[in-house]
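Kindly produce the complete structure, drawing on both the sequences and the hints.
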Amino acid sequence: MVSVALAESRRAGTEEEGGRERQQLLWPSPNPGDIVFRSSTSRYFCGEGRSNSPFDSGDQPLISPSEVAILESMLEGGFRLSLKAHFLVSLPPLSPLSLTLTCLNLSFNGLRVFPAEILELTQLRVLRMRNNPVQHIPNDIKRLEKLEDFCISFNALTSLPSGLFELPSLQTLDVSHNSIQHLSRNISKLRTLQRLNVESNELIGLPPSLLSLPLTHLHISGNYLHPFLWRENCRSPPQVRSTQGRHA
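Counting with full-length UniProt numbering, you get residues 1 to 248 for the letters of the sequence shown.
Please note that a few of the clues may not be correct.
Stated by the list, open to error - The calculated lysine-lysine pairs, modelled on DSS-like cross-linking and capped at a C-alpha distance of 25 Å, are:
1. K84 to K142
2. K189 to K146
3. K189 to K142
Stated by the list, open to error - Pair ranges (Cβ atoms, derived):
4. K146 to R112: 25 to 31 Å
5. A116 to P65: 19 to 25 Å
6. T100 to I204: 39 to 45 Å
7. V68 to V89: 38 to 44 Å
8. S98 to N186: 25 to 31 Å
9. V68 to T158: 31 to 37 Å
10. I63 to N186: 42 to 48 Å
11. Y224 to S95: 42 to 48 Å
12. P207 to E67: 41 to 47 Å
No wet-lab data here; the hints were simulated from the structure.
Think of the CB as a built atom: it goes at the ideal place given N, C-alpha and C, for glycine as much as any other residue.
Below you can see the structure in the form of structure tokens.
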């Protein structure tokens, strides 16, 4: 009688233990053959920091949206990067893209100083910096020898550096909606320039050297200009969007 009771007790204990093990099993994971146990210990990336993020490093901030954008660009070949409206006052490191990046969009940020990191992007062809409070373009912008399209409208520029006129590949230049008061005659060095937008600045005149450029589009409205007439003997007169300047 004692042996029978002992056997039943052992069997009941075994069944109870097996029941607990079965209760530990969750629903099968999406991957066949994988089983997740309820009793498994949670893994945290920061020790006792209790964070499930692989990017969290304790007291350090999480990886920023701009850094995520850089990682995504690298995964896609590193040719294009948009940091538009990222609330940037400075740039994250761009060195991983220095040899591949051809298109960079930095519009709608808070950049007050032209980022020196841009000057290291030797393959850059398109640069957009619309709506930033940048006050000065460095003369070393001439290092971007492959730059074809440069937009820096709606900034705080008062002048343009001579280095800007030494870009051998520039085709489109948009410096509209700034406070530029003078346009240098050296703009004639931009032998490939086809589109020029200087709308809504503080220009009181335009250099005659513009006539030597292969312009197809010229936007000059919103300046302190008298009615502007092109010479009758100009072989390929540009399509002037507006010749009516604003009056002080």
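Checklist line | Which numbered hints fail | finding: Hint 7 alone not satisfied by this model.
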